[in-house]
Every structure is written in C-alpha cells, then in structure tokens.
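Sequential numbering of the sequence shown, starting at 321, is according to the working numbering.
By construction, these hints were calculated from the structure, which means they are not laboratory data. Worth double-checking, as some hints may not be accurate.
What the hints assert, rightly or not - Beta-carbon label-pair distances, calculated as ranges:
no. : residue 1 : residue 2 : range
1   : Ser335    : Ala941    : 26 to 36 Å
2   : Leu793    : Gly1105   : 30 to 40 Å
3   : Arg528    : Arg863    : 56 to 66 Å
4   : Asp781    : Phe1127   : 22 to 32 Å
5   : Glu692    : Leu891    : 28 to 38 Å
6   : Val1098   : Leu793    : 56 to 66 Å
7   : Ala1243   : Gly1187   : 44 to 54 Å
Ideal Cβ positions, reconstructed from N, Cα and C, are used throughout, including at glycine.
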Amino acid sequence: MSLPTTSPTMIGRASDLRALQAVFDAVAAGESRSVVLSGEAGIGKTRLLTEFTRSVRSSALVITGQCVDLGDVAAPYAPVLGLMKDLVAQRGRDAVLEAAGPGKASLATLLPTLGPDAEDQREGGVGRLHETVAVLFEALSRDRPVVVVVEDVHWADGATLSLLAFLVRALTCDRVMIVLTFRSEDVPRGHPLRGFLAELDRTRRVERHTLERLSRSDVLRQAIAIRGSSLDTVSIDSVYARSEGVPFFVEELLGLEVDRDGDELPDTLRELLLARYERLPPATQQLLRVISAGGVCVEHTLLERVFTGGPDALDTGVREAIGSNVLVADATTYEFRHALVREAIHDDLLPGERSRFHAGFAEALEAGVGGEPVAAAVSHHWMLARDFGRAFPATVRAMEQAHAAYAYSTEAQLGERLLEIWDQVPDAAALVGRSRSELMRRTASALRNAGWTDRAIAMVDEVLATPEERDDLDQAKLLRDKAFYLANLGRPGSVDLLEEALDRVPPGTPGDLRGVLLTSLGARHMIIGRLERAIEYADEAAREAVRTGSARNASVAANIGGIARIHHGELESGSRMLATAETLADGDGSALLRYRVNASDMANLLGSYEEALASALEGVARAKELGVERSSGLILSSNAVDPLVALGRWDEAEERVHRALALQPPLAFSVYLRQSLILLTLWRGDAESAATLYRRWRKGMLSLSGLEVQTRFGVARVVMQVGLAAGDLAGAWSPAGVGVFDAPDHRPMPAYDLPALADAARVLARVRVALAAGTLDVESGPFAGVDDDRLRQLEERWRALLAEERFWPTAPLWSALVDAELGGPDGTGNDVGAWEAARAMAEHPFAPAALAPYTALRLAEARVAAGDRPAAQDTLVIAVAEAATLGAGLVLDGARALAERASLNLDGRPRARGASGSIELTARERQVLQLIAEGLSNRQIGERLFISAKTASVHVSAILRKLGAATRTEAAMIAGASGLLAANAGRTDRP
C-alpha cells in the first residue's frame, strides 16, 4: 500500500500557527520581534514554519537559513550564508549591496560574491559585520516586513549565535521577525546554545514557544488525513503508543506496508527510522549510506564524484529513495526527509565505509567539486575518515578561514583540534607554519575573542609552563597576552606582566611590540592613578612610535600622555598633546575611536558638557557613516550619557543608557552606564529602585573598581548617595563609600575626587547628627571608634585634598558644596551663607543641572533652621520649580518634607502649624523612631519589639509622615534636632 508522505493538512498546530501569526502582526505594525521555536526531533517545527511562511509570503520578504551538522566544530556562518544566498536570489546582488549601506564590503565575509570590489573587508571588524547585517534588514523592512528563519540553531557556530544575538538586541522598531528553531533534546547542560537562550530570555521582544506532542485524537486525525480513511481502535492505539504523539513517527508508522493481518510495527526508534531504508534494494541502500556521510544537504555534482556505482545506478537509486519517501530533492541537491533518518543510517555505517565515504567527500571538496570548498567541512570529513595527516592541513586552512570571518569560537575549536592531533602528525610544525607554543598562543587569542577568556588564560599559563625553547620576544608576547586577558576580566596583575614583558623587548627591537607594551603600560598606570609613571611610559611610547613609524602608537601615546598630564594638573600642555592624537591617528579607525572616547570624556570631567556631548555625538555620526554605529560607536554613545545628565536632558540620557546596555558594551563601559542609570533613577525620586539596581550590579561594579580609579570613585558616589537616600548610613560610611579616600593606594585625581568629596561631606554631616543624637554604635561595627575628634581629622584631610586639587576648573563648585554640607557651628550643614555660596556656584555652566534645585532646597532648610521663614518660603518655591522642570523627584520629595515640618507651602502660600508646634508620636512610634535612629531595618525593628516586619513598616511610614521626612535618615536627623530622641531616652511609657 502506497501512502502520502505527510498529511495534506497540518494537524494539531492551529494554536501554534496563531501564535506565530500574532507575532508577525506585531512586527507588521512596526515592532521587531523574535520567536524561538523548540521541540524534540520530529515534532513538526519545519512543517509549522512551512505553513507559517506560506501564509505570510505574499506580504513579507521571507529568507531562510539552515544550520549544518559538522560535529563538534560548526562551519562559520553556515545559516547566515544561506540567508544571504536566499536574499540575493530574491532581490539581486545590487539591491542587497545598496540596502547594506556603508558597511556593505563586510558582507563579503559571508558571501564573497557580494564584495569583489571591496577595498578592505576587515575594516571595523566583527562589529561592522554585525552592524551591516542589521542595517541591511532594517532597510529591507522599510518596504515590507522581513521574516528571517534560521533552523536547527543547536548546530550553529558561535559566530552565528553572536550575530543572531546582536540582531535580536539591535533591531527594535523595525519590521523584522526572527524565527529560530532547535531540538530541545540536543541542548544538554553546557551546550553553547544554553547561554545564548538565557541571553535572549532577558529581552522582552523574544518569545519562547515549545511544540508539544499530539494527542490521541490528533494522531487519529493525522492518520485519516494521510490514509484517506480511519483506523480501527487497536491500530490507532498501537500507532499512538509507539509514536508517543510525535508527528514524524506517526507518518513513518503509517507509511510502512502493514498487511491486514496486523504485522507488528517497529518497537524501537532505530527500527522505525530504518524501516523504509531497509525495504529498499541493496544498491539503493548503498547510495543512501554514501549520502548520509555527505551531511544534511548534498550537492548532486558532489555525490556524483563520490558515489562509485555510476550515473545510471545513482539516478535509479535516487528515484527509488524519493519514491519511498526517504529522500527529497530540488534542482541541485538531495536531502533526507528528516535528519533523524540520516543520523540513523550514518550511525549504521561500518568503520571501513565511514572512512571511505568521508575521505571521498573530503577529496571531492578539496578538488573544488560543488563550488569553493568550506575548509571546516573538509577538515570534518578527514577527521571522520581518521586520516589525520590530511586533516591537519585542512584544519589549518579552516582555522585561517574562521579567523578571516571573525568566527573566533570556530577558530578556537579548530586550534584545539590541531593541538589534539599534533603528536599524530609528522612535521606538524612545518604544516601549520608555527611551533606548538605559538599555535597555543594563537588559539588562546581566539578563545579570548570568542568570550572564553578564562580558558584563554589557562592555555597561556600552560604555554608558559612548557619547557619549550622560546626567545624573549615570544615570551614577551605570551606575557602581554595574559595581561590583556586579565584586564578583560577586570582582574589584577596586568601591570606586573606588562612590565616583565617590556624587560624582554629592549630598545631598538624591530616591530611594534615594544611600542604596544609602552602604550599599554601608560594606559594601565593612568587608569590606576599612577600619573607620573603613565606620563613616563607615554613619552617613551611616543619616541618609539617615531622610530618605528607607527601612526597608531604615536596617536595612542599622545592620547595617554595628554590625558595623564591633564589629570596631573598640566592642563594646557596636556590639552595640546591630546589634540595632536587625532592628527597623528592618520585615519586609523582604532586610534581615532580611542581619541574620541578620551577627548569627550575629558571635556565632561572638565565641566565642558556641551563640548563633551558634541564630541561624543560627532563620533557616533562618524561611526554610523562607517557602518559601526552599534559596535564601536556604542562606546561613544555611552560617553554622551554623563554630559546629557549634567545638562539636564535626563530623558535622552536614560534612553541612551538602556539602548547601550541592551547591546552589551565592553565591561568598563557597562559599569559606567550602570552607575549613571542608578544615580539617574535615584535623582528621579525612586530610591528603592536605585538601591535594587545597585544590589543587582554591585559585584561587577566592585570587582572593576579595584582596577580603575574612575570606577572606584563612580561606585563610591553610588554607594554614598544610595545609602543616604535609603537610610543606610553604615553603607554610605563603608570602605566602598566614604572609605574610598582612605584606600592605601589612593592618589589625587581631582576629576574623580572632587564630586565624591561633596558626597562624602554630606555623609559626614549625617554621621555628626547621629553621633550627637547618641544613635551611633561606636563600640562595634562600621562606626567603631568614631568620635568628634576623628570626624574633625577626617574633615581636615579632605579639606587638604580640596586645597591640593584647587587647580581643577570645577573645583570652586565642589569646594563650595563641601563648605555648605559641613557648614555651621556643629558642622552639620546649616549655615545660610555657605549654602548661598553653593547656590551661586550651582548656577555656573560647569555645575550639573541637579545641583541647582538641590542647593536651593538645602538653602531653604538652612533658612528655616535660622528662623528666616519668608526667605525659606521663597527659596523653597524656586527649588520646587527647578526640580519639577528637571524631573528631580528626589528634590521634590525633600521639598514636600520640608514644607510639612516647617509649615511652608510648595506654591508659596504660608501654612499654619499646630499651636504648640510639637510633634505627637505614640509610645510605640517613639520606640520605633529610636530604633530607626540606630539604623535598624524593618525586620530588625520587628525582632527587637516582637512585632512583624509589616507592622514595623506601618509604624515607620506613620513616623515619616508625621515628621515630614522623606527618608529614615532624615527622620533620625529631625528627631535628633528636635530633641525627640533625648526625650524618648527618659520615657518609661509603654505602647
């Protein structure tokens, strides 16, 4: 009995099809979305996609790519190559290149026919390639929605996964739908796809959809659709039980020739998959065994070369296999109806067959049969043929191809393959063109570039421990590499390694190695605040660049030397030197990016916010012209955030932060962006969310802060400001907060010291208030040993640092803030004159926008304390107006609290207090207030008073409302200043 291969109608997938259609509708409306479709083998993923793409093809551009199974090492960009071929076939080469924009030359990495006229395909690196593909899809989607289908991503190489992840993150408001499929059972723990999927799960524009098995009624419907008639109950029960509701297995079981007496159906999966195959003539089985070694899809010309049975036998065998629903064919290729059948036949090959067939395919590919060979495929076939002598040079070529295509994970895996078979290949060093140690260094570099930096370090350590003879230059390169890898991970040790490497490369050594080491050391010393050493190395690097004629090193040396000099106080000479870095770069993209990043950052640190923003945005525009806006340009876009915040353009800044973080910038820039977002969230008035973000990102931020002065002080500002807002005075006082100035390796850097000193002064004032109120535990914990003398000494050290750094352009602003925060007879920030001076400085262009409403609020508080209520009322109105315009919710909360406790009105109209002006608290509230002042959390208060944390929270809220305090710390200050805490100490009344 001959039955159709599949059901003419799709069974049991109506809801799945509707889900895909709903996503497509959202995409058509202008929102990029992605779907990850998973399920076990044979569950119907391809059938569902076939039906879906058929339904949308009239209104969308649909392109498909198929991942290829090459064992442990996948061919670079195999499915993306399929996408590009499909796209060119539908739209034409010229239209594709036009849509790809300025980075079109990089498409030759994927499809050489797209870039024969490219001058430099590697300019911009992998970031440019990613950006170009994104630009291509964006441009095409302007005409009609684009549906990108990539099947079987469990076989995808790392470069493909990296590109797909970038596209999912980068494409947001374009009409692009990305659909990915994978076999759920082929992704065990540790599989690269798991990390990829976890990353996608953090993106709101991605939906995960799992195909479930068919029910018994669905299997019956499928059987009726295939057979044209129903099955008896026994037969359908048997098919359902053996297939377990997997559609492909249902089709295979129904397709077997079962006589009416009820011959038994196959019991095992292997028997089922091979059932059709085993019913074919021996010659056809032989042909299918050859095809199974060829891969998922085999070109006719390639098969013709490998199959030894002759053209007639080949044609006959193919017709029989197609007629038996084992093979499918198009104009040029053959493919098994399902990959499971190919795998079953291939697993059934005898050792001799396996070696002969794979060797045949390797030889044919090397001879150019079927087009330009993919070296990774040639290597794969020689490895399965167990011919290591021929696999070795093929793997070397594959490694070079992978490197050229930025497929670093594949390059690393191929390097590890070469190392694995090194000892089995005579003259391996001659074949690869380098020593084993050099191959390991090259492989370690690929591991780092692929994101496997820990493995890269381990491999370099293994090389360093190898007793192989190496000259000083090779040893220096290894030390340099390890230093770079440690820095990538934010780990210490890179400076010592770089200096050890430099000792092995004397002056006059040919090449750029010494120059690279000198610029790297200059950069590392600058980052950790050793400015004199940074200047020395930068100057020596400049001389070395002249000797070697390296424009890049000359630019980088001027960049580092200029920045270090500015930080050191040589503002004019440093600025002149920094300006030469752009000219010296001579068009070098890497050096220019480095210059623009540092130039815009320095302008921001000097208080020239408009200049900083313009410089950063100019770099972003140039990056867009070059086709690297969302890769290299991402760093410059990040540099625009802080000047935007300082200028009061908070919405733009926040949007840029979220967009940049979604694209996963380098580690350091990710930390900078997170710091900015935390503080922006805090100043907008959401202290709780700011504290949550800090807790989430704290580990990564603190790890990098040990290596960078910029990060260390950025984190300190976050810790202090979040701590103050959350009532966590101990946290603000911690080594990561105020304690940053006590670090043994602290060296003056005014750009970072000065703003942090203003925050530290505010913390010190709060500590003084708590100390005076008797609410600090000075016997143990973070405040152990704190007294007035220690606080006075601390203030004196900070003021000495202020005096030392008064040369910095913004020093007058931050000095005025420190004076105001610590003003007044008790040093707690209640001096009207000091706040008037700070308010005046906050109106200068170099003052961040948030300081205007903040200083107005603090001036209003000082005037209330001084008894000048009319002036306080006027100042408060100004503070409210400025804060409202800016969106500074933190200041508005403080203003409301001040208005409540001082009987002022936010719109300027006076408010009346109670006749006595006293603050009435219940006995329980007085107890809770005392514990608030001691710094206890709601849970700790509940434990102390034998009440629930929720009940404690209710009391805390009531206290804050009655005191007009915005935070717990402010409540403690008000209570201390008003004598409530002292009164509580003498009370004996119970709740």
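Tested hints:
In this structure, Ser335 and Ala941 break the distance hint of 26 to 36 Å, their C-beta atoms being roughly 47 Å apart. For the pair Leu793 and Gly1105, the beta carbons lie near 54 Å from each other, so the given range of 30 to 40 Å is not met. A hinted range of 56 to 66 Å for the beta carbons of Arg528 and Arg863 is consistent with their spacing of about 57 Å. Checked against the hint of 22 to 32 Å, the pair Asp781 and Phe1127 fails, with Cβ atoms roughly 45 Å apart.
The hinted range of 28 to 38 Å is not satisfied by Glu692 and Leu891, whose Cβ atoms lie roughly 58 Å apart. Taking the beta carbon of each, Val1098 and Leu793 are about 59 Å apart, inside 56 to 66 Å as hinted. Between Ala1243 and Gly1187 the beta carbon distance is about 31 Å. The supplied range of 44 to 54 Å is therefore violated.
The structure fails hints 1, 2, 4, 5, 7 (numbered hints given earlier, in ascending order).
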